[in-house]
Amino acid sequence: QKEVEQNSGPLSVPEGAIASLNCTYSDRGSQSFFWYRQYSGKSPELIMFIYSNGDKEDGRFTAQLNKASQYVSLLIRDSQPSDSATYLCAVGSSNTGKLIFGQGTTLQVKP
Amino acid sequence: DGGITQSPKYLFRKEGQNVTLSCEQNLNHDAMYWYRQDPGQGLRLIYYSQIVNDFQKGDIAEGYSVSREKKESFPLTVTSAQKNPTAFYLCASSPGRGQGPDTQYFGPGTRLTVL
Chain A
1 QKEVEQNSGP LSVPEGAIAS LNCTYSDRGS QSFFWYRQYS GKSPELIMFI
51 YSNGDKEDGR FTAQLNKASQ YVSLLIRDSQ PSDSATYLCA VGSSNTGKLI
101 FGQGTTLQVK P
Chain B
1 DGGITQSPKY LFRKEGQNVT LSCEQNLNHD AMYWYRQDPG QGLRLIYYSQ
51 IVNDFQKGDI AEGYSVSREK KESFPLTVTS AQKNPTAFYL CASSPGRGQG
101 PDTQYFGPGT RLTVL
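Protein sequences, first through last, are from chains A and B. For the first sequence, counting from 1, position 107 maps to 107 in our numbering; every step adds exactly one. For the second sequence, counting from 1, position 42 maps to 42 in our numbering; every step adds exactly one.
Don't take every hint at face value.
Quick list of simulated restraints, FRET-style, between CB atoms [said to hold, decoys possible]:
| id | chain 1 | residue 1 | chain 2 | residue 2 | range |
| --- | --- | --- | --- | --- | --- |
| 1 | B | Asp54 | A | Lys2 | 27 to 33 Å |
| 2 | A | Gly41 | B | Thr20 | 20 to 26 Å |
| 3 | B | Val52 | A | Ser93 | 35 to 41 Å |
Hints listed in this document are in silico derivations from the structure and should not be mistaken for laboratory results. C-beta: ideal position from N, C-alpha, C; glycine also.
Construct the entire structure; sequences and hints are all you get.
Structure representation (structure tokens):
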């Protein structure tokens, strides 16, 4: 089992829809969870982080964390073609503090 | 502007050559990291440093070396021992453990190609 798992996609949604990106992790002691967006050929940029169970909202983005289920998700409301990118989930290791990255989910928003 | 810079943006290496990738940050971050990304893959940690003059191997350190003589700088050398070095190399920095959320921020990356 991979430490951080994401469906590689592509996930295709129409413009204006809600895109839901999911991530599961194996380290029960993990305390920090991050979502990065990576456009093709570019470096990852931080979208948001979450530490507590529940939801955290920032503009069109909502991160959801369920530690009991070891599951973190990212919702993108009113998806735009400019949201088309690969979304990387990263989880902080409880032992080392290092980030463990998933392989990313490719999102395609169709006009 | 605060941020992380990497140079060069593109680098071509001949077989058997060592090359050094530069990473500089002016965010006053204690921790710095090097990752490698292959097409369609996630990020794999090569080396990291949590404080000046100290660094640790990551998951794929073989064929690479680093130094951390200054807080601002964390250069990565790709040696001839690295059998498949063609990849996108990403440098990141973070405030450091014990200083609140240890969020990593990335530089623009260096794309290395072996000819």
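Consistency of the hints with the structure:
Our hint of 27 to 33 Å for aspartate 54/B and lysine 2/A holds, since their Cβ atoms are close to 29 Å apart. Roughly 22 Å separates the CB atoms of glycine 41/A and threonine 20/B, a value that falls within the hinted 20 to 26 Å. Take valine 52/B and serine 93/A: their Cβ atoms lie about 23 Å apart, and the range 35 to 41 Å is violated.
When each numbered hint is compared with the structure, a violation occurs for hint 3 only.
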